[in-house]
Amino acid sequence: MSDYLNENPDVLETNQLPTREEDDELNNYLSNGIQNKNGLERRKLLLKMDRSLESQVLKDVELLDRLLLLNSITESTSDEESDENLKSLTQSTHLIQDTIDPIDAQEIYDLTAYIQDPEHPLTLGQLSIVNLEDIQVHDTGNQKEMAEVVIHITPTITHCSLATLIGLGIRVRLERALPPRFRITILLKKGTHQSENQVNKQLNDKERVTAACENEQLLNVVSNMLSTCK
Amino acid sequence: MKLELARCIKLHEDKVWSLDFSRGLLASGSTDRRTKIVSIKPEAQVTLVDELDDSTHSKSVRSVAWRPGTSILATGSFDTTVSIWTREETEEGEEYDSEEDEASREYSNSNHDNKYVMELLAIIEGHENEVKSVAWSYDGSLLATCARDKSVWIWETDEIGEEYECISVLQEHSQDVKNVVWHPSLPILASSSYDDTIRIWTDYDDDWECSAVLNGHKGTVWSSDFEKSNNNSNIRLCSGSDDCTVRVWKKLNKGEVGTSVKGTDDINDGNANEEEDEEEENDIYDNDDKWICEAILPQEHTRSIYSVSWGPNGMIASAGSDGKLVIYHEVEDKNEKNKMRWEVLCIKELIHGIYECNIVKWIDVEGELLLATGGDDGYVNLWKLI
Amino acid sequence: MSALLSEADLNDFISPSLACVKPTVINKSKVEEQNKDGEIEVGKEPEELEKVSITLQDCLACVGCITSSEEILLSRQSHSVFLNDWSKLEDNKRELVVSASPQTRLSLANYYGLTLQKFDIIFVNFFKSHFKAKFVVGTQLGRNVTIRQTNNKLMKLKEEGILDEKPRLCSVCPGFVLYCEKTKPGLVPLLLNVKSPQQITGSLLKDYSKKHLSNRLYHLTIMPCFDKKLEASRSDGEEEVDCVITPKEFVTMLDELDLNFKDYDISDTSSTQILYEMSPKSWDPEIHWASNEGSSSGGYAFQYILAMSMKYPETDLVMLQGKNSDVMEYRLIDNIQTPPRVIASSSEIYGFRNIQNLVRKLIGGDMKRRNVKILRKRNTTKNNSNSKPTAIDPHKTDFIEVMACPGGCINGGGLINGEQNSSKRRALIQELNEKYKRELKIIDVLQMGYSDDEPDYEYEFNAVYKDPSETQDIVTVGNTW
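These protein sequences, in sequence, are chains B, P and X.
Note that the UniProt record's numbering has the first sequence beginning at 1, numbered continuously upward.
Note that the UniProt record's numbering has the second sequence beginning at 1, numbered continuously upward.
Note that the UniProt record's numbering has the third sequence beginning at 1, numbered continuously upward.
Do not take every clue at face value.
[Stated by the list, open to error] In the BS3-like style, the derived pairs of lysine-lysine whose C-alpha atoms are separated by at most 30 Å in a straight line are: (1) B:K144 to P:K228; (2) P:K41 to B:K201; (3) P:K324 to P:K41; (4) X:K128 to X:K184; (5) X:K424 to P:K59; (6) B:K144 to P:K348; (7) X:K396 to P:K290; (8) P:K254 to X:K424; (9) P:K254 to B:K201; (10) P:K10 to P:K348; (11) X:K184 to X:K88; (12) X:K311 to X:K153; (13) B:K201 to P:K324; (14) B:K190 to P:K10; (15) X:K311 to X:K166; (16) P:K228 to B:K189; (17) P:K339 to B:K144; (18) P:K290 to P:K384; (19) B:K201 to P:K334; (20) X:K184 to X:K156; (21) P:K254 to B:K144; (22) X:K184 to P:K59; (23) P:K254 to P:K348; (24) B:K144 to P:K324; (25) B:K201 to X:K211; (26) P:K59 to X:K361.
Think of the hints as simulated: they come from the structure by calculation, not from any bench.
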């Protein structure tokens, strides 16, 4: 079974997988900080450098984000009374009221990282097939608006013959778990598979996926993969 | 002009894939494995008249098509088969009362207890896997079917529509064939595919052959539709794709081949033109047709376009994953006389709420032109252009 | 690969699946063997993958795709493989023998602008001079055996009344045989197990060498389609054929070797002598280079009717053209009785579309299971209204000569029919069909003598089809959508 990890150096222990901090409420605010593009980019970059939880960098950046968030809120409330600002403010408060739970990358990660690899007793998170920094979410939380998730997955080997199956598992998991407003795009990370375009095309073909979900045998395999999900 | 919702009907429990309208009856096929028939009368009065025996197909009903001028319906399913149904005329079903305060409304099953009037005539087998589309030729003598097995089959049938003989298996597509559509008055078939191309098929001698390949789309071509024109020397086709574009293709007549064609200049995407240049002035293609991409319509869609429909009013409608319904019309160019160009007439967003739209069709209800759409929400919506 | 051998050419029957699942499957078992304690190793990519290759036997036993992929076919059987093998023949104490089917000879003669007679002489001389071939022969001796054994078996089955239930299907077209074995197991019992001229010619040559020669033979054959390569790789035909190439590859090979075919012209001299010189003793070139009456795909359907007409001399042989040019029916009618009675019948069914109707007629699917009532009701009403007897019913004949290619073997995927345009291609088929009748010497197979101890040349058919729901292999399942 040596044929499935080469480009990713380690198999992660489950407790090494990125998780949400205890303080969920604060984290929700943090994820709202996604609107702050610079902060997000910076965070992503740092996450790439060191994604263990103990990482000082990460702790620092989170602290920074929280401060930024607090600042921006106070700023906008203390701003002058221009019509435009007022409008945007009411809009955003309206948004917050309507927003029951905007979904963020960590949630998508939690939904997918515990899917079991079809061949091995390891999860996609452990094999670094699914990585937090490769998940993009655009969601206002408004149930009447469309939202988007883009996941880049990293197959363990460039000729992985199960890439389409793994992708299908992720898609089925998300389609079942996410509200219908989500459009899900699953792509192979660039350069990680010799049939990258072919696999991408298939994974994002709605009709093929629907038909796959009516294939009992395939569905059994997928169900097994999903049986380890929390 | 704008699009107004005239009626919205919850017909299915899952994705509505396909709609076809003929002689006042709209048929719909869905992932819930059911096929339903509703009658549509002026003022968008909708009545459910039948529900086909849902034990016939074991998987999604992907495509439905009325045989022109008859009550024969073909349905193609992911279970690899095509079934043929005929409707025995009986009393009308109960009418949908239209007094509801909201446009949408679920009807209860008690309205139409076991009133099956469509009878199964035949099951056609042959495809190796999911049938994606079925379509009848204009005169109803031929049925085209296509599947993920990369093939398009043409079946010949008798008047009652019971016996089917395969007269052609067309295997030139290199991938999943998504859709087949016939010309409204000529024996010409177009098939669109996951291989990003559209192929045009015509009858030579005693077999069907590919007479043209339309290259240009940069993604799966989900759907195409011929222009509804009485002028058979002007054959055009529109197509919608994963690449978020709608294109209009034109068959060149003998005299036009080799001469530069107006309207192609503003297409930056040179695929169609490049090929034309290469094959200029030779007669290798003496019995093949020449097609060009005449226009790429203004791009409004942000995700896959699943369906296009060319209306009898000359307008093209497109819809897809982004939930937008876009209507395009052809107008004379302001700068150049006699030159036509396509413009967006109107756009409607969220036509099935936050759900995707799989099918759009222009339907003529006793002279009133409506648009019917089917979505992942299981609804069939009717739209009025006002 | 040369331009002549484009991908499209190989698509002469059913295109292969998108991805062959075999390499990973094979690889996996090897890798797992190495891994004793089940420990998970990381950071290693198996290096064996590239080296693990697929044999044509693998393809025959796999349900993954109908015919093998282009790459695999050509890596196992191609002109390059032949050239490589040829360079080692002397060391291996083997001698080259070449056979060619009539369709390939016509295609090549047409390509070089030669009459068939002239082509044959140059062809023989080319293999003699350039490749030092021991023999160069036609395939008619093999075909004679195929026809004779086919007729014998059919006549026996006819007598037993078995043919009245369901027809027997000719197995000479490997494309069709593979199609049955891989996707239509219900048809396999109907396949008549008499081997094709390619395989029997191989057997005859090898038998000859065992008796008369000290060296083993290497049998190269030139055949009209790519599926013949797979046929040669069947486990029930070992040693019969070593390499199959098509006329397209033949032309490519000469180009690559920078040889001019016509340089080998010796027709000024007493040229037909070379045909004798290059035949095994007791092999008459007037016979093995000849052909027989009937279709240009071998005439098996016609030869059966011919044999039956000799058994029933007071009968009329009727030919009925079917719905399209690829369907033909032969009937032997006894006109003495009233009403006239059909004594025997056979038909030719070519091309995928006609095969589909055949399949549907012979093994209807689960149509009945699903909707018995309604269909039965319909059928009875229909029988009343439609009392006209059908003019032609090829699916109900005793024996069907099935060929996967439209037009039959004269339109094989390996022939040089450069014209992609359909009407030109059709015109070419017609032209070649006429040449087939005009330029090949026609012999009467049924009058030929044969030895009593002629063995039966039989295929062992093997339905490899598996219900997809029975597949256990996860890679296969994962790639079914």
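- Would you check the hint for P:K59 and X:K361, treating anything up to 30 Å between C-alpha atoms as holding? holds (25 Å)
Within a Cα-Cα threshold of 30 Å, do P:K339 and B:K144 meet the stated pairing?
-> violated (42 Å)
Do the alpha carbons of P:K254 and B:K201 lie within 30 Å of each other, as the hint requires?
Distance of about 38 Å is beyond 30 Å: violated.
Quiz item: Between B:K144 and P:K348, is the straight-line Cα distance small enough, at 30 Å or below?
Solution: Distance of about 15 Å is within 30 Å: holds.
**Request:** Please work out if X:K184 and P:K59 have their alpha carbons no farther apart than 30 Å.
**Result:** The given pair, whose Cα atoms are some 22 Å apart, holds under the 30 Å limit.
inquiry  = For a C-alpha distance cap of 30 Å, please report whether P:K254 and X:K424 respect it.
reply    = holds (19 Å)
If you draw a straight line from the CA of X:K128 to the CA of X:K184, is it 30 Å or shorter? violated (43 Å)
*Pairwise hint evaluation, B:K189 against P:K228, where the allowed Cα distance is 30 Å at most*: At roughly 44 Å apart (the allowed maximum being 30 Å), B:K189 and P:K228 break the hint.
Point to revise | Given pair status - X:K156, X:K184, alpha carbons within 30 Å | key: holds (26 Å)
- Query: Between B:K201 and P:K324, is the straight-line Cα distance small enough, at 30 Å or below?
  - Reply: Within the cut-off at roughly 22 Å; holds.
Does P:K59 lie within 30 Å of X:K424 when you go C-alpha to C-alpha? Between X:K424 and P:K59 the Cα gap is close to 43 Å, so the pair fails against 30 Å, i.e. violated.
Discussion item. Holds or violated: P:K10 and P:K348, Cα atoms, limit 30 Å.
Written reply: holds (20 Å)
This entry does not satisfy hints 1, 2, 4, 5, 7, 9, 11, 14, 16, 17, 18, 19, 21, 23 and 25, going by the numbered hints stated previously.
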